[in-house]
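Asker: As they're listed, the protein sequences go chains A and B.
Heads up: the first sequence begins at 1 in the working numbering, then just goes up one per residue.
Heads up: the second sequence begins at 1001 in the working numbering, then just goes up one per residue.
The hints are simulated quantities; they were obtained by calculation from the structure and are not laboratory data.
Misleading hints may appear alongside valid ones.
[What the hints assert, rightly or not] Straight line, CA to CA, 20 Å or less: simulated EDC-like cross-link-like pairs of lysine to aspartate or glutamate: (1) A:Lys-190 x B:Glu-1260; (2) B:Lys-1151 x B:Asp-1084; (3) B:Lys-1085 x A:Glu-209; (4) A:Lys-134 x B:Asp-1118; (5) B:Lys-1151 x B:Glu-1126; (6) A:Lys-134 x B:Asp-1187; (7) A:Lys-190 x B:Glu-1107; (8) A:Lys-190 x B:Asp-1084; (9) B:Lys-1090 x A:Asp-195; (10) B:Lys-1085 x A:Asp-130; (11) A:Lys-190 x B:Asp-1118; (12) B:Lys-1157 x B:Glu-1110; (13) A:Lys-134 x B:Asp-1084; (14) A:Lys-190 x B:Asp-1187; (15) B:Lys-1157 x B:Asp-1118; (16) A:Lys-190 x B:Asp-1272; (17) B:Lys-1151 x B:Asp-1118; (18) B:Lys-1085 x A:Asp-223.
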Amino acid sequence: MDRGGVAGGSKFVLMSLPPVIAACSKPLVFCLLAVPLALLGVDVWREAVAPGSALGADPGEAVVHHLGSWGLRILLVTLAVSPASRVFRQPRLIRFRRMIGLWAFTYVVLHFVAYLSLLAGFDVINVLVDDVYKRPYITVGFTALVLLIPLAATSTRGWQRRLGRRWRTLHRLVYPAAIAAWVHLLWLSKGGFMDPFVYGLVLLFLFGERIAYSVRRRRAVSDDR
Amino acid sequence: MLIRRPSDIKPSEITPEYVYRTRRRFMRDSLAVAAGAGAGASALALPDSWLEERRVEPGEPIGEQMTSEANATGYNNFYEFGTDKEDPAKYAHEMNVDPWTVEVSGEVAEPGKMGLEDMLAGIDLEERIYRLRCVEAWSMVIPWIGFPVKKLLDRFKPTADAKYVEFKTLHRPSEMRGQRSLFSSIDWPYLEGLRLDEANHPLAIFAVGMYGKLLPNQNGAPIRLVVPWKYGFKSIKSIVSIRLTRRQPVNTWNDLQPREYGFYANVNPNVDHPRWSQARERRFPTTLFRPNYIPTRMFNGYDEVAALYSGMDLARFY
């Protein structure tokens, strides 16, 4: 399987880019992922200056919703990195994965913080007891967040080295986290199911590619014997 | 309870611009302003002159800050036009509400199908400033223009067997994109219902206008129900059929999610929706950093309807 940053055979896209752009690709991706947050920042600023001017009738809800949907989208992008590296034969894409994953985590954490502050008014007891315990869509969303915490915490090279083989096992938690995030979206939808359908399809595709890949690999290994 | 005394409130807080106009023959003024601003984008079920020519009894202020017209017309649940709150304002103009006919049928001595203008002939309009509490735990204060439901129903002479009223929203997928959506779980057309004694309660009105103007499409033009002591989804929009029945009619959300939405759907802070606490609500206008949370009141503060439910277990009949 892919090993971060070590594999060298990026023959096509990245190598054919002008060296300056190739060198800048990481900062570029970083900035790209910051755009939804920056746009939200502008709206929050406008809203703070002139209430009602930028975020509609229910600004708290709008902020929470924006952060949550970008959290899920970027989480799916993270999950798309290794399939993309295989499908397009671009092993060096893997070097973006940590950064994209950390951005996903950032959006998810901000989503939770916005919910806790803007919607729940830091009423932590009420939130934990009433919402997380009693309301399944929040329980499952909270689960996704909790599952992502150890992944973000062990995302550094140091932890990767220290954990060795266990690092990969641990980071498989991203799969249940993504499923939980998707169920969170499904359970909070009412009446219209286009978003859960589209995201579900993407998730299925990303899981499907992994399963197909591991089946192929196992076959290749057994053929060698 | 939480009703503030009028003396606690600055007049500017509770008397928005349009109310001054109400008191100065506001119909003429407001329509002139609307025309001047070129705000006639939405199709009107009734000719502009219809409202202009009528006297509207001004509404009683309720001592709570009014929700802005921009909020009330820009943040809507009207799934016929999409599930985002902004979708109705974007797409409801695709609905043609002129001409508009309403059919009254079922347990009535004189059933009929007639154009809206004829149906409303001779009915006096009044303004009602009501709280609107959505089941999603947000709320507004809106000045409606309308008339008691009973006034219209009586014209068709309900029979002794009439126990319930069923209301139906327009079903026209060609003009209502939410009805064309492949991802909607709603079985169109949208249906709602009331017990006849609820419908006959003086607080239950049909609205044809708000903020001194005819209803915009996204708010349920040209005629909608407003039942202020019930969650907003009961106040069905763009009504084309009124049927009096012996049995309790189907209502759409109850049909879709019976555990979450009942037939009665009275505002009740003690009975939680499975996905939201109903103990409090975000009242619009609200701001980002200081959300305007207020405690939710039984029957949305309209205690005078309590007699309709005496002896009923409202935790069971939610």
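Asker: If a hint holds in the structure, say so; if it doesn't, say that too.
Answerer: For each hint, the structure was consulted:
Proposed proximity of Lys-190 of chain A and Glu-1260 of chain B is supported: the alpha carbons are some 11 Å apart, at most 20 Å. Restraint check for Lys-1151 of chain B and Asp-1084 of chain B: the C-alpha separation of about 35 Å exceeds 20 Å, so the hint is violated. A hinted pair counts as satisfied when its Cα atoms are at most 20 Å apart, and Lys-1085 of chain B with Glu-209 of chain A does not qualify at roughly 36 Å. At roughly 51 Å between alpha-carbon atoms, Lys-134 of chain A and Asp-1118 of chain B are farther apart than 20 Å, so this suggested pair is violated.
This hinted pair checks out: Lys-1151 of chain B and Glu-1126 of chain B have alpha carbons roughly 12 Å apart, not beyond 20 Å. The hinted pair formed by Lys-134 of chain A and Asp-1187 of chain B fails the criterion: a straight-line CA distance of about 29 Å is larger than 20 Å. Our distance criterion of 20 Å between C-alpha atoms is broken by Lys-190 of chain A and Glu-1107 of chain B, whose separation comes to about 34 Å. Under the criterion of a C-alpha separation no larger than 20 Å, the hint pairing Lys-190 of chain A with Asp-1084 of chain B is consistent with the structure, at around 11 Å.
The straight-line distance between the Cα atoms of Lys-1090 of chain B and Asp-195 of chain A is roughly 19 Å, inside the 20 Å bound, and the hint therefore holds. For the hint pairing Lys-1085 of chain B with Asp-130 of chain A, the CA-to-CA distance comes to about 26 Å; that exceeds 20 Å, so the pair is violated. A C-alpha spacing of about 38 Å is found between Lys-190 of chain A and Asp-1118 of chain B, which places the hinted pair above 20 Å, so the restraint is violated. Annotation: proposed proximity of Lys-1157 of chain B to Glu-1110 of chain B holds, straight-line Cα distance about 6 Å (limit 20 Å).
In summary, the hint linking Lys-134 of chain A to Asp-1084 of chain B is not supported, as the alpha carbons are separated by about 26 Å, beyond the 20 Å threshold. As the CA atoms of Lys-190 of chain A and Asp-1187 of chain B are separated by approximately 13 Å, the hinted pair is consistent with the 20 Å bound. The hinted pair formed by Lys-1157 of chain B and Asp-1118 of chain B meets the criterion: a straight-line CA distance of about 17 Å does not exceed 20 Å. Restraint check for Lys-190 of chain A and Asp-1272 of chain B: satisfied, since their Cα atoms lie roughly 17 Å apart, inside the 20 Å limit.
Distance restraint check for Lys-1151 of chain B and Asp-1118 of chain B: the Cα-Cα separation of roughly 14 Å lies within the 20 Å cut-off, and the hinted pair is therefore satisfied. Straight-line distance between C-alpha atoms of Lys-1085 of chain B and Asp-223 of chain A comes to about 57 Å, which puts the hinted pair past the 20 Å bound.
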